[in-house]
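Novice: In case you want the letters, here they are:
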Amino acid sequence: MSMAEFDRFLFAFTVGSHIILVTMSISIILLLTILEGLKLRRNNSAYADLIHRLKRVFVIFFGIGTASGIVMAMELVGLFPGFMTVVSMTGVINLFYAEVFAFFLETIALVLYVYFEGVFKWKYTDFVLSFVVLSGTLVSAVFITMVNSWMNTPNGFNTADFPSITGVSPWAPFLTPSTFAQVMHVLVTTIFTGAMMMGAFFAYKYLKDTDSGERILDRIIVRITSVTSIVGIVLAGLTGTNEMADVLVNQPLKYAAFDLNYNSGSNMPERLFGGLQNGNFVYGLQIPGLQSLLATIETGKTVLPGLTQYPQSTWPPLLVHTTFDVMVAGGLILGVFLFIVFLSFVLRKDFLRYRFILYAQILAGAFSLIVYELGWVTDEVGRQPWIIYQVMKVSKAANYSTGLLIPGYLIVAFYLVLVPLTFYFFFRIYNISGIHRESKPNQEGVAY
Amino acid sequence: MLLINFYFYSTFAIFSVFVVLVFTEIMGSVLLLLNWNRYRNAVLPYIVPVWEVTGTFAAFWVVTSDFAYPALLIPLASIFSTALMTFLIVFVLRNATISFAEFFNKKGWMDSRKLFSGYALSTLLIGLIALVVLASVIEGNGINLSNLTFSLSDWSSSASGILFMVGALVILIGLAPIFYNDRDLKTASILFVVLGVIISNVSFVLFKDYSLSFLVAIPDVLTIALPLLFFWESTGRIISNKIAFIFLASVDIFSMSFMVYPTALGGKLNVDSITNSGPLAFSYDVITLVGTIILALLIILYATAVKRKGTASYIEQAHDS
Numbered sequence: 546m547s548m549a550e551f552d553r554f555l556f557a558f559t560v561g562s563h564i565i566l567v568t569m570s571i572s573i574i575l576l577l578t579i580l581e582g583l584k585l586r587r588n589n590s591a592y593a594d595l596i597h598r599l600k601r602v603f604v605i606f607f608g609i610g611t612a613s614g615i616v617m618a619m620e621l622v623g624l625f626p627g628f629m630t631v632v633s634m635t636g637v638i639n640l641f642y643a644e645v646f647a648f649f650l651e652t653i654a655l656v657l658y659v660y661f662e663g664v665f666k667w668k669y670t671d672f673v674l675s676f677v678v679l680s681g682t683l684v685s686a687v688f689i690t691m692v693n694s695w696m697n698t699p700n701g702f703n704t705a706d707f708p709s710i711t712g713v714s715p716w717a718p719f720l721t722p723s724t725f726a727q728v729m730h731v732l733v734t735t736i737f738t739g740a741m742m743m744g745a746f747f748a749y750k751y752l753k754d755t756d757s758g759e760r761i762l763d764r765i766i767v768r769i770t771s772v773t774s775i776v777g778i779v780l781a782g783l784t785g786t787n788e789m790a791d792v793l794v795n796q797p798l799k800y801a802a803f804d805l806n807y808n809s810g811s812n813m814p815e816r817l818f819g820g821l822q823n824g825n826f827v828y829g830l831q832i833p834g835l836q837s838l839l840a841t842i843e844t845g846k847t848v849l850p851g852l853t854q855y856p857q858s859t860w861p862p863l864l865v866h867t868t869f870d871v872m873v874a875g876g877l878i879l880g881v882f883l884f885i886v887f888l889s890f891v892l893r894k895d896f897l898r899y900r901f902i903l904y905a906q907i908l909a910g911a912f913s914l915i916v917y918e919l920g921w922v923t924d925e926v927g928r929q930p931w932i933i934y935q936v937m938k939v940s941k942a943a944n945y946s947t948g949l950l951i952p953g954y955l956i957v958a959f960y961l962v963l964v965p966l967t968f969y970f971f972f973r974i975y976n977i978s979g980i981h982r983e984s985k986p987n988q989e990g991v992a993y
Numbered sequence: 000m001l002l003i004n005f006y007f008y009s010t011f012a013i014f015s016v017f018v019v020l021v022f023t024e025i026m027g028s029v030l031l032l033l034n035w036n037r038y039r040n041a042v043l044p045y046i047v048p049v050w051e052v053t054g055t056f057a058a059f060w061v062v063t064s065d066f067a068y069p070a071l072l073i074p075l076a077s078i079f080s081t082a083l084m085t086f087l088i089v090f091v092l093r094n095a096t097i098s099f100a101e102f103f104n105k106k107g108w109m110d111s112r113k114l115f116s117g118y119a120l121s122t123l124l125i126g127l128i129a130l131v132v133l134a135s136v137i138e139g140n141g142i143n144l145s146n147l148t149f150s151l152s153d154w155s156s157s158a159s160g161i162l163f164m165v166g167a168l169v170i171l172i173g174l175a176p177i178f179y180n181d182r183d184l185k186t187a188s189i190l191f192v193v194l195g196v197i198i199s200n201v202s203f204v205l206f207k208d209y210s211l212s213f214l215v216a217i218p219d220v221l222t223i224a225l226p227l228l229f230f231w232e233s234t235g236r237i238i239s240n241k242i243a244f245i246f247l248a249s250v251d252i253f254s255m256s257f258m259v260y261p262t263a264l265g266g267k268l269n270v271d272s273i274t275n276s277g278p279l280a281f282s283y284d285v286i287t288l289v290g291t292i293i294l295a296l297l298i299i300l301y302a303t304a305v306k307r308k309g310t311a312s313y314i315e316q317a318h319d320s
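From first to last, the protein sequence lines are chains H and R. For the first sequence, position 293 matches number 838 in this note's numbering, and the numbering has no gaps at all. For the second sequence, position 80 matches number 79 in this note's numbering, and the numbering has no gaps at all.
Heads up, some of the hints might be wrong.
To be verified - Derived, one-sided and incomplete: chain H residues facing chain R with beta-carbon distance under 7 Å:
no., residue
1, Arg601
2, Val616
3, Leu657
4, Phe661
5, Leu949
6, Ile956
Derived from the structure by calculation, the hints contain no laboratory data. For every residue, glycine included, the Cβ atom is placed at its ideal position computed from N, Cα and C.
I would like the entire structure built from these sequences, with the hints used as guidance.
Specialist: Structural data, given as structure tokens:
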């Protein structure tokens, strides 16, 4: 493995780990905000108990996620100094800079929300503070996704003059051609995945708990996460379709790799799984005309791009076709599961009475994380070998210092321990943090 | 370039606040490691909410420095690659241990005290790494600019860097009783701070290619003033106020900016020549203005909350339940 490949591997590993923590952070603070809102409307002690516990576990994910975010920011400098030099000389640095202030908003609001409970007497304080923390968290995620959008569709300087940086437009990176589509899809899928994972945890707890009070709390969370997930999967489908249309228009080579189009053309089939052998599609399923039909509906384009329009040295690894297909298929499977849950809501059936749905929820929670990670892998690997699409290759941006090797492997080993440990502490602290409820609701199925 | 290098001084100001926040954590860590039972009630109520803000200031400083010195990123990333990655591991360890410790009681051999000790040790290590990097940036010792490498053995072969680090740590040990208001140690505080300042000044004299300016007297006087003010009851109350201390200590650190301006790396690097002066300045200033207003409002809100209620009771609650 060359140093450039090592840098790429290390950063990919760090981001892959980081997004698990961020997903959990976002889902927990979203849950807290919803619970704070419900507590205002209905004076139910169960909400207070859940808020009390979830606040504590949120601090864990926030603390580790913050550190992990700083690791990412500093790794960008340490592993890809060439890239960060371009960033610093273009408006992209403004995105990082604005993100820092969003981060401050999130941090200080969190400190007030968690450690100064009851200090401000206004009855909406907790709800507002949780909402501010949620907003800071989401805005941070938006800014960092904007950076990624810029990497996919760079603007704000004369790319033709590169490596000279000329014609800098400081605000342009805030709205690249792919920003809207990518930000919407990332936000929706992050919230969706977090909700599914939280739902899985509480479904598991519901199956295991024997204490009726605990089961009431578990029910509340499973029902909230189910509603969030149902809305999320619908929006994920819509934003994902929009994102694919954006890739077709703005990153045609990536699109060709996703759909394994060897040559450009019209009336293209949809290729499911399989691979290319001497330019021919093998070992997969083809649905005639479907790809072109979808592309025409989404973008109006009738002629679709092919890999051979570009030098082979600039092709991404064609594995992205498989990761893309697994991601889409995974989304559809999750959609089917959530449709069953949706039906139970419509038919006013209590789906928590069916153990198979709870087991399915646990599996779906884990599976949603795999799908989410695959989505990120598809996007990032699909841009290779570029770090800034069609402008700068990873090999030109990388740090070739061998001093990175040992601490780099230590970081990998560290994350392999840290992420499971974080979940362990999450479970443990959630379970030991229950407050004494003065008045328990007298039956299960508390309305929310 | 402007008459004053605004970006240099603004990044140094952010750096100063960040360093002071780290130092206050190091001081607390030293006390926790020395005598857990005696100091936990004084240290934890401060550290527990503030560690999250310190991390944010780290990001703040990194990003503003990225903007201010884009030309330095490649050389610094190569020179300090090992230090940077080691710092990152320890930083995550610090956050992990303290966030686990906050609400954790006991499970098997693990308890919150051990986790807090892990936090204290990792914070100390962060301080040591930062001091090594800071000393080498001021003096240039251990840095090979032609190969863009840093050698810890070369760095440690010179007494100046070691003395700089020892001096800083002795000063921090001396300042700890002030910040955490242990009046029993007010005399020891003076002795440690004076000793630390002397050691630091010796290190400055030994820095190669570095001409000692009379301006070094500014941080010296400010640093020694802190334990002297603490010595008397009336002024001691003011100086042990955390906000007052952080402000004064930040001014103290900021006054060291002349040691890296106009040249850093022992005179090898002209700071003005590597400061960003491109077309991004206006947008950067706009974000700075808007962000600073938001930050100021948040800090006012935070200060109001601190004034109304400390955090001690919350921590007790956390460990009781």
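Novice: So, for every hint listed, does it hold in this structure?
Specialist: Checked hints:
Interface restraint check for Arg601/H: the shortest CB-CB distance to chain R comes to about 4 Å, inside 7 Å, so the restraint holds. Interface hint status for Val616/H: upheld, as the beta-carbon distance to the closest one in chain R is roughly 5 Å, under 7 Å. The beta carbon of Leu657/H is positioned within 7 Å of a beta carbon in chain R (closest approach about 6 Å), and the interface hint is therefore held. Taking 7 Å as the C-beta contact cut-off toward chain R, the hint placing Phe661/H at the interface holds, the least distance being around 4 Å.
The criterion of a C-beta within 7 Å of any C-beta in chain R is met by Leu949/H, whose closest approach is roughly 5 Å, and the hint holds. With a least beta-carbon distance of about 6 Å to chain R, the hint placing Ile956/H at the interface is held under the 7 Å criterion.
Checked against the numbered hints given earlier, this structure breaks none of them.
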